[in-house]
Amino acid sequence: PVRYFQLLKTLYLLLGRDLPAATPTASTSPSSPQRPLKILVVEDLINNQKLATAILEPVGHTVTLANNGQEALDLLQQSAFDLVLMDLQMPVLGGLETVQQIRQREKAAPDRPPVPIIAVTARSAPQEQQLCLEAGMNGYLRKPYRPNELLAAIAEWAAVKPAAAATVDRKRKPAATIPILAAVNTDPERLATQKQLLLQEGGRHLEAIRVAVTKKSALRAVQEVTWLKNVAGDIGAGRVTIRCMRIKGKVEMDEWEEAQQILADLEREFQEVMTVLQQGGGT
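Going by this note's numbering, the sequence shown opens with residue -5, and the numbers climb by one from there.
There may be inaccurate statements among the hints.
[Stated by the list, open to error] Calculated pairs, DSBU-like style, for lysine-lysine (alpha carbon to alpha carbon, straight line, at most 30 Å):
| no. | residue 1 | residue 2 |
| --- | --- | --- |
| 1 | K44 | K32 |
| 2 | K101 | K209 |
| 3 | K44 | K210 |
| 4 | K44 | K209 |
Rather than coming from a laboratory, the hints here were simulated on the basis of the structure. These numbers come from a predicted model, not from an experiment.
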């Protein structure tokens, strides 16, 4: 089957262009005092839904998922959100059309403040960015989600206003910090089983990822990184989950050198998780 990121990279290559690097859309540093946001993530791909949730929820934000634009419209009609992350390419109703309908609704209800909307897409051509802004979006973010870029993009709306900053709990972790092991809402027996599975088999799968990346074996790398991502996600190891997703994206784009660099971070964060588990933590 066609791999999405590989197809994207090939098209850019045929056009004689490089994949552009995105810059954060917000000017506020995510390390400044933050307030929890109620965020609507409008995205049809489950992996992207999981990745966004794995980045946002451990730092205190509440995530609601919509699989397409129509679901987003229905949810916005039922409840207020602080921020919307809007995918552009979706079935039923795409991102641009959805935003246009949201802004039309807001004009009909001037007493209700407009919701900030950040476009999220794998394509980041300047003309597409301009199209998003003209449609009424407030920012632009590239896929796949990257923790620092995503947190920087939403920081403008999560930042505590100066008047309220004094009330912030100074013991609260910075927004950019994702815990080694976060609490997960799952069956305790299954949680214990998955932790034991990671302790017993995780090292072997990590070594298989290392070998596959070194040998540039895409199929094996994706298989092994998917196993580790799933088990890590089951036990709340958000850092490991995010690294696995990023390696998968780099492998699919044949960006092996960058995959190797991310692998070094994965190995370090995997060892941190193993240490916590071996000490009986994360229960």
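Going down the list of hints, with the structure as the test:
no.: 1; hint: K44 - K32; result: holds, 16 Å
no.: 2; hint: K101 - K209; result: violated, 56 Å
no.: 3; hint: K44 - K210; result: holds, 26 Å
no.: 4; hint: K44 - K209; result: holds, 28 Å
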